[in-house]
Amino acid sequence: MRYFLRRMLHAVFLLFGVSLLTFLFSALTPGNYFDEMRLNPQISQATVAALRAQYQLDRPLPVRYLHWLNAVAHGELGFSFAYNGPVGPLLWVRARNTLLLTITAMLLAWLLALPLGVWSASRLGGAPDRILSWTTATLLVIPELVLALGLLILAVRTGWFPTGGLVSVGFESMSPLQKLHDLASHMVLPVTALVLGTLPMLVRHVRASVAEALQAPFLRAAVGHGIPRTKLLYGYALRAAANPLISLFGFSVGTLLSGSLLVEVVMSWPGVGPLLVEAILARDLFVVIGGVLLSMIFLVCGNLLADALLYWADPRIRIAASAK
Amino acid sequence: MQPLLRVENLAKHYAAGRSAPSKDKIAALDGVSLSIPARTTLALVGESGSGKSTLALCIACLEHATSGSIWFEGIDVAALDKNQQRLLRPQIQLVFQDPASSLNPRWTALEIVSEPFFVQGRFSKQERSDKAGTWLDRVGISRKMVSQRADELSGGQKQRLAIARALALEPKLIILDEALSALDCSVQAQISNLLLELQSSLGLTYLFITHDFAMAAQLADEIAVMDHGRIVESGPAEKILSSPGHGATRSLLAATPRVPKTHSVLVNY
Amino acid sequence: MTQRRKLTRWLIVLVCLHGVVAAAGFFAPYDPVEQDRERPYLPPMRIHLIDAHGHFHPRPFFYPLRQRKGSFDQYEEDTASAVPLHFFTRGAGYRLLRLVPSRLHLFGATAAARIYLLGSDAYGRDQLSRILFGGQVSLLAGLLGAGVTLFLGALIGMVAGYYGGWRDDLLMRAAELFLALPWLYLLFALRAFLPLTVSPLEAFLLVVVVTGMVGWARPARLVRGVVLSVKELDFVRAARGFGASDLYLLSSHILPETASVLLTQAAILVPQFVLAEMTLSFLGLGVPEPMSSWGNLLASLQQYSVLVSYWWMYLPALAIVPFFLGYLGLASALQQRSSAYKIDGESGWRPT
Numbered sequence: 001m002r003y004f005l006r007r008m009l010h011a012v013f014l015l016f017g018v019s020l021l022t023f024l025f026s027a028l029t030p031g032n033y034f035d036e037m038r039l040n041p042q043i044s045q046a047t048v049a050a051l052r053a054q055y056q057l058d059r060p061l062p063v064r065y066l067h068w069l070n071a072v073a074h075g076e077l078g079f080s081f082a083y084n085g086p087v088g089p090l091l092w093v094r095a096r097n098t099l100l101l102t103i104t105a106m107l108l109a110w111l112l113a114l115p116l117g118v119w120s121a122s123r124l125g126g127a128p129d130r131i132l133s134w135t136t137a138t139l140l141v142i143p144e145l146v147l148a149l150g151l152l153i154l155a156v157r158t159g160w161f162p163t164g165g166l167v168s169v170g171f172e173s174m175s176p177l178q179k180l181h182d183l184a185s186h187m188v189l190p191v192t193a194l195v196l197g198t199l200p201m202l203v204r205h206v207r208a209s210v211a212e213a214l215q216a217p218f219l220r221a222a223v224g225h226g227i228p229r230t231k232l233l234y235g236y237a238l239r240a241a242a243n244p245l246i247s248l249f250g251f252s253v254g255t256l257l258s259g260s261l262l263v264e265v266v267m268s269w270p271g272v273g274p275l276l277v278e279a280i281l282a283r284d285l286f287v288v289i290g291g292v293l294l295s296m297i298f299l300v301c302g303n304l305l306a307d308a309l310l311y312w313a314d315p316r317i318r319i320a321a322s323a324k
Numbered sequence: 001m002q003p004l005l006r007v008e009n010l011a012k013h014y015a016a017g018r019s020a021p022s023k024d025k026i027a028a029l030d031g032v033s034l035s036i037p038a039r040t041t042l043a044l045v046g047e048s049g050s051g052k053s054t055l056a057l058c059i060a061c062l063e064h065a066t067s068g069s070i071w072f073e074g075i076d077v078a079a080l081d082k083n084q085q086r087l088l089r090p091q092i093q094l095v096f097q098d099p100a101s102s103l104n105p106r107w108t109a110l111e112i113v114s115e116p117f118f119v120q121g122r123f124s125k126q127e128r129s130d131k132a133g134t135w136l137d138r139v140g141i142s143r144k145m146v147s148q149r150a151d152e153l154s155g156g157q158k159q160r161l162a163i164a165r166a167l168a169l170e171p172k173l174i175i176l177d178e179a180l181s182a183l184d185c186s187v188q189a190q191i192s193n194l195l196l197e198l199q200s201s202l203g204l205t206y207l208f209i210t211h212d213f214a215m216a217a218q219l220a221d222e223i224a225v226m227d228h229g230r231i232v233e234s235g236p237a238e239k240i241l242s243s244p245g246h247g248a249t250r251s252l253l254a255a256t257p258r259v260p261k262t263h264s265v266l267v268n269y
Numbered sequence: 001m002t003q004r005r006k007l008t009r010w011l012i013v014l015v016c017l018h019g020v021v022a023a024a025g026f027f028a029p030y031d032p033v034e035q036d037r038e039r040p041y042l043p044p045m046r047i048h049l050i051d052a053h054g055h056f057h058p059r060p061f062f063y064p065l066r067q068r069k070g071s072f073d074q075y076e077e078d079t080a081s082a083v084p085l086h087f088f089t090r091g092a093g094y095r096l097l098r099l100v101p102s103r104l105h106l107f108g109a110t111a112a113a114r115i116y117l118l119g120s121d122a123y124g125r126d127q128l129s130r131i132l133f134g135g136q137v138s139l140l141a142g143l144l145g146a147g148v149t150l151f152l153g154a155l156i157g158m159v160a161g162y163y164g165g166w167r168d169d170l171l172m173r174a175a176e177l178f179l180a181l182p183w184l185y186l187l188f189a190l191r192a193f194l195p196l197t198v199s200p201l202e203a204f205l206l207v208v209v210v211t212g213m214v215g216w217a218r219p220a221r222l223v224r225g226v227v228l229s230v231k232e233l234d235f236v237r238a239a240r241g242f243g244a245s246d247l248y249l250l251s252s253h254i255l256p257e258t259a260s261v262l263l264t265q266a267a268i269l270v271p272q273f274v275l276a277e278m279t280l281s282f283l284g285l286g287v288p289e290p291m292s293s294w295g296n297l298l299a300s301l302q303q304y305s306v307l308v309s310y311w312w313m314y315l316p317a318l319a320i321v322p323f324f325l326g327y328l329g330l331a332s333a334l335q336q337r338s339s340a341y342k343i344d345g346e347s348g349w350r351p352t
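Chains as they are written, first to last, in our numbering: chain A, 1 to 324; chain B, 1 to 269; chain C, 1 to 352.
Hints may be right or wrong, so weigh each one.
To be verified - Stretches of chain C that chain A covers, calculated by requiring three or more beta carbons in the stretch to come under 8 angstroms of a beta carbon on chain A:
1. 170-181
2. 184-190
3. 242-255
4. 272-281
5. 310-318
What the hints contain is simulated information worked out from the structure, not anything from laboratory work.
On a predicted model such as this, the values are computed, not experimentally measured, just so you know.
By construction, the Cβ of each residue, glycine as well, lies at the ideal position given by its N, Cα and C atoms.
Same shape as in the complex, but just chain A (with noise of 0.2 angstroms):
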């Protein structure tokens, strides 16, 4: 239990250095959201003053942040200049629009690499594994710019796929079965693009632990027990290695909001992504600042969640952190 209330005051401490990082940040910003507005020969200067006023910017920094954080304990995480509302919902909306992407993506991929890797591992060496393992090689050396750009391109030259948004015009008017088929074919692009940027390294991590664990011992006294081979690559092997893996699907939890950035810029896909940066741009504090928590929120949840998973699945862990 120690162990876990340590780990939580590290994230919480994280997470404290992050928001004071990007507040500073801010600080440093030369121009913010209301320059823009000062330029603007139709809204008087005093207007820009009032606003600038109630949105506090005057104040010290200090103030600021101990203004800010106040208001984050009520839950609201501010207003967005640009958008002309709280950041709350608007970041929701976003989050629940990315999450449907990565967690579908982050879900084929496991699913797709499991098997890969494993019956790659059983077959080291063999045609399938060098097949694979150049396929992997090839897809690496490809960034997922690339990757997203020439998936869109192909999209685009052959018409299968629509490209870009969420849903199409006319949503609203489609029967429930129209609808799901509209959102699909909307996310297979983008999903696709997910999956492939992370399925390489997924696979040969899968197969690195698991040709390792296969190695050991007690494996071949398992064989010798004449444990069947499907049985003994999920349920022996599999496990052995799970290890790393757990701390790797961790960290693809972590990675849940701010993974698809590239993607969704370049898909057009309305997650967090594009709105953050549109908001950096547009120097909309409020919005970044929430966005990049909110990310940071994942990261460390995900970095929790794989300890707490590795202290389930493996006993010795148990045993170190209980014997401190």
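Following the hints, position chains B and C against chain A.
For chains B and C alone, coordinates are given in the frame of chain A:
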């Protein structure tokens, strides 16, 4: 006549690890006193963990003792400031046990022995090279090995190199911390002969640290036995070897492999 | 293949690739900023050896493109006028490596028609030339950025590892923070919170500095690890015994030991930093026009019309792939080599 080195009640405590309660401290040295007259050899014998290396490092000013005093030629070493200590350092040199880690494996023999001159900053490149060459000759490293990298030399050659490096700044006291322990028997004999020869011609004083009584017997004038951070027995070499008093001394002596009497019969046969 | 040969092989590949980009002026037929408003968005042209009548010509040639009758953006080859390709011709002036002025180009056509091997962009600029020259900017940004990061990382790692104590704690906590943040966000935020409209040179420097400041944490940790193990070695002790200063110990003994770690990190970081520059420029936060970089060459793809009709504007994206391959191959060869030579003799100080 005052001894070259005098150590009085030296103590060194380490704080234990973070998980242990703060009261626990490990005492590496627990009140050590000894003295070494000039031009003699004191052998410090003890098991692993008895604190010998800690003592060596403290005397060489590479570690700070928690309490006690070290007098070198009548000067209180601990009372000196950093700059004065820096001036004193060349007088006390160390030769370590494992030449693989005490010599930078990528450097050549010449570079290693020239390093002390370089650090002291007083000599030109040619002077450094010449002086280093002289010392290398003195310890028996041939000219053609001079530009070889340290990791290409044999164990015996490496220790000769380490000795040459220790001699470079013409120290008065050389501390040999298990310097012969990692060498083969025949090489040990060669190096100890070298040490004895250097001592008589250069007037060196040795503090010879070892766990092996046989080696101590060869080189030492006096022997001090160390156990758990204290000196438990000390005196002239023959006396300790023939009639050990303390239990630790006796067990160490018993552990030393002795040549059985039958061997001499066989040799003469 | 032995490790040495693998390493050499990848190094040769990388040197060749960089060489082509460094000598962009020679390999590119045209000046990258030279516009031709009459020929926007031309598709890539093909080189032929056999003409429309079936005759073989030893000298390669191409057909200029003309608009197909009745369409705006369909082009066909004008088989009436074949334009021969000349090798080692004189063309637009450039300075090799910014030093040597030259007019020599690997290939080119007569002034009458222009050959667009990879098509042209909205202003009729030759994409091949822009890719080659753009590579100079992107690669340089990557190399310099990696240099800044490694310098910072090595410095911080050495201070933290050598002096320990509160400095170590503080620096390693900061490193954890930087490692925890998603690097793209950090990069983005850092760049965006700096002035947005700057000259191309300033933008380039900003990109280098910003990317450099983002990635120091991992190298710092690795260097710190090496320093921690080396500073306990006896030869460092011995040098202190001669009265060596901290600076001497760090520079003469400890720094050389970190070389292998730093080299491996360099091979891993350079392609990532090139990618970072590409991403920033693609999103409008990096190197601006008219300077070309692989990133801003792709920026036009954000328009739907370009995406639909002008597929060759995607080609700059593929330019980085061989470099990625080369650097990752180099990195894996270096990693294999460093694990083969394990640091032994790490006896350090043992209490006896």
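Each hint, compared with the structure:
no.: 1; hint: 170-181; in the structure: holds (count 4)
no.: 2; hint: 184-190; in the structure: holds (count 5)
no.: 3; hint: 242-255; in the structure: violated (count 0)
no.: 4; hint: 272-281; in the structure: holds (count 3)
no.: 5; hint: 310-318; in the structure: holds (count 4)
When each numbered hint is compared with the structure, a violation occurs for hint 3 only.
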